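S.K.: Modelling step: build the complete structure from the supplied sequences, incorporating the hints.
Each protein sequence line maps, in turn, to chains A and B. Here this note's numbering is used: the first residue of the first sequence is 61, the next is one more, and so on. Here this note's numbering is used: the first residue of the second sequence is 223, the next is one more, and so on.
Hints are all accurate, no fakes.
Across the chosen pairs, the derived CB separations fall in these ranges:
(1) B/Asp258 / A/Glu116: 56 to 64 Å
(2) B/His278 / A/Arg127: 25 to 33 Å
(3) B/Gly309 / A/Glu135: 22 to 30 Å
(4) A/Arg127 / B/Glu363: 46 to 54 Å
(5) A/Phe79 / B/Gly279: 18 to 26 Å
(6) A/Leu134 / B/Asp275: 29 to 37 Å
For the record, the hints were derived by calculation from the structure and aren't laboratory data. Source: prediction; values computed, not measured. Note that beta-carbon positions come from the ideal geometry of N, C-alpha and C, so glycine has one too.
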Amino acid sequence: MAAAGVQIHPACRVRQEGFGLLFYDSRGPRLLFAETGTMLPAEFFAMPRGKGDLPEGLAERQQEQLRNFVNLLLEKDFLREQSLC
Amino acid sequence: MSNRFVEKGLRSPVNLTWEVTVGCNLRCRHCLSSSDTPAVDELTTQEALVLVDQLHGEGVFQINFGGGEPFMRPDFLEIVDACHAKGIMTCISTNGTLLTADLVKRLSRNRLVAIQVSLDGAEQATCEAIRGAGTYAAAIEALKLLAASPIPSSINTVLTAGNAAEIPALYELAQNLGVSLRVSRFRPSGRGADNWE
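M.R.: Here you go:
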């Protein structure tokens, strides 16, 4: 079975703001304000990523925060799962 | 919007409305732009494409095209294509009179566009009292073309005293056509201010 990856939903966009990331979903439209600071680059999920992939150099606590955040993005359909192959 | 992040200020708009022309083939009584013939100082194609570049650089997510009737601009598809090439989502507000099957097919090439068709009454007489003769059938025809395409489409109705009672019927009409319904507030500007009463 192909490995599952995550990528930003085609109906969504994201950009860097001073507080972190601003997600936009044109299907609402709706917004999601994420206080991620500079932990997660806006373009990180532009390409398919492994579900557990995170930027390098993060502390354990930050990694945990981001993993929870990625789950939230999936739950709210800003990210979608797809095959990596 | 009450939001602590927004109150501190975002770096640029999330989405914006761009009246690409005030030229229009209709003379709707409530038109907030008093659309008629194109203004002499409307942006050239080159200026419009530069603006698309600038808006992309600022991080704008979506541009809502209105007017006037956007499809009156001969270069409108070029402007829309430039937005899509940069990943900017678009929503086009149109009266539907210029939409053809070929145009809908052309716009269906990517999934970055949504289209709203103006319809100001569930009954032909109600709609045409505001928008003029022939507008009801043209809008319905456009909505049928769009509903058969992958383009997310909706009826856009400006709420007025004349059509308020028909909103439930408009909702039903939208459902029957397979599109959604968006009810907009009346803006007392342009001919809308002149015809307020």
